[in-house]
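Number of protein chains: 2
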Amino acid sequence: MDRAQKLVTDMLAGHRLSLARLISKVENRDDDLAAIMKLLYPHSGKAQVWGVTGPPGAGKSTLVDRMAQHLRAQGKKVAIVAVDPSSPFTGGAILGDRIRMQQHSGDTGVYIRSLGTRGKHGGLSHATKEVVLVLDAAGFDVVLVETAGVGQTELDVLRLAQSVLVIVVPESGDSIQVMKAGLMEIADVFAVNKSDRPEADKMVRELVTMVGMSDHTAESWMIPVHKTEALRNLGVDEVIKSIEAHQQYLTKSGQRDVKAREFLKNEVADILAERLHHTLKGAFETTSGQELLDQLVKREIDPYKAADVISGV
Amino acid sequence: MDRAQKLVTDMLAGHRLSLARLISKVENRDDDLAAIMKLLYPHSGKAQVWGVTGPPGAGKSTLVDRMAQHLRAQGKKVAIVAVDPSSPFTGGAILGDRIRMQQHSGDTGVYIRSLGTRGKHGGLSHATKEVVLVLDAAGFDVVLVETAGVGQTELDVLRLAQSVLVIVVPESGDSIQVMKAGLMEIADVFAVNKSDRPEADKMVRELVTMVGMSDHTAESWMIPVHKTEALRNLGVDEVIKSIEAHQQYLTKSGQRDVKAREFLKNEVADILAERLHHTLKGAFETTSGQELLDQLVKREIDPYKAADVISGV
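Protein chains in written order, with the working numbering: chain A, 1289 to 1601; chain B, 1289 to 1601.
Just so you know, these hints were derived from the structure itself, not from any lab.
Some hints could be false.
What the hints assert, rightly or not - Within a straight-line C-alpha distance of at most 20 Å, the following computed SDA-like cross-link-like pairs (lysine to any residue) qualify:
#, chain 1, residue 1, chain 2, residue 2
1, B, Lys1326, B, Asp1290
2, A, Lys1586, B, Leu1327
3, B, Lys1553, A, Val1585
4, B, Lys1593, A, Arg1563
Please build the complete structure, drawing on both the sequences and the hints.
Following this line, the structure appears as structure tokens:
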């Protein structure tokens, strides 16, 4: 049995260390990756993937941890993937994992992993997608993907979730931002966290009004709006019930299949993009590749022409 | 003369509206884009491209506007490209442009344009690169590329600059963040802005120490650290002198050519990635593409195998 096969077999048997190693291999774009994903893939496709996002300081991590506790109480195995594309300025991901794991210490039904910008261009959302596939194959019932905002990479990451919870805070003006932000397009459930603050009810009312104004038919999903206080464990059950209802809606409406196909299209696209990246790296290292660059620098040819040459058009 | 040719000719003749239209075509990935870039490319390669980044609230826009004023006083034509990949939460880019333009009103030697997340996956840094090429061809002497942080997209964007100014603020602890962030790797010049705040000198000392500790030889560039107060126009000339010195260093050391080649490699790679994206979109819309997706959903084949099928391996 080769290395990749052994790791996957051990992971499927529940070895936590093998799981961690496989995830590291995905993060580092290991040479064995294609072999590993081929072995894992038939075991995937069972997990529910929930995305969670919101502005910095909205209390995402606290709410996600509470949600994990509630899901554990239902007997479900839960994985949390915290994605922070801007980690250069924030840092501390690994330390954060340790602190968060302590709250679930001794519980093998919870797994937490942070992913940062270690990868290259476009690499983080692809790596996250494959980490979710690994956790899915490992038998986690729910994979919670938590992102630290809604930049481009974060939106890419959220696309891999079946249901997306958007967390906001009650400060006035936020609802206008939410509207601008096109968050209505990505939210399946809203939580107004820190709802002990004075403006909470106003925020809830505004969100409910916005949801009501958006295009929808009798069959379409109406985004529920919940008040939560993650620190005091209030409203968390209601949020989970709404996401579970959304999961049922996905199945009934046929949207689950649509989303699965979209996810797989993107995965194939990412694989091909990564291969292209490797091909190109090789192409420019040859003598003719260097000559092509010389011509580009001298403005004798243009980049679109060079692209034709490299792809043999 | 066809449409693309006419726009480019008008833009090269100095028509401001043609320039704005060309930039919009780049942003919207217009069908004429390849034709446009082929016409423009021979006119590019003369501008200096300066990147400016730093954490939110560091006063980037104010300092960039001051820098533009100083460069104008030298008789240079200046373009500012403000890139904000997280615009969903921040918004207001267009309004911002208008307000900023007013400060330079009536001066055709200054051009300001904001770019947001309108594009798709990986699209923003590619579009920014081509917008810079357009401005370069249009005859701007310096293109200032301002980003709102150092997430993945922002780092991609900064790679297209020849010189990078990193702006920080004096608050204690920031210097450790700077180190963690790997900002030393991207900074060519540091500015400690809002340097009237109490911790400014401490911050400068820490940055100078960090620069001194980093690997360098007698020939390598030593990152200068400046104190600035953009609001009061203090320290701006010194920052510009340091960037100009860095530009001279790039030429003398041969690094300018290395960077130009890297930039062009990435541009060709982006073009091919964009073509791949279009090819794939088509591939999945065919009957055999849909069957491939069916097999993927049923877990009969895995995404790596599907990638082989599509690329004809």
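Structure-based check of each hint:
no., hint, result
1, Lys1326(B) with Asp1290(B), "14 Å, holds"
2, Lys1586(A) with Leu1327(B), "15 Å, holds"
3, Lys1553(B) with Val1585(A), "10 Å, holds"
4, Lys1593(B) with Arg1563(A), "13 Å, holds"
The earlier numbered hints are all upheld by this structure, with none contradicted.
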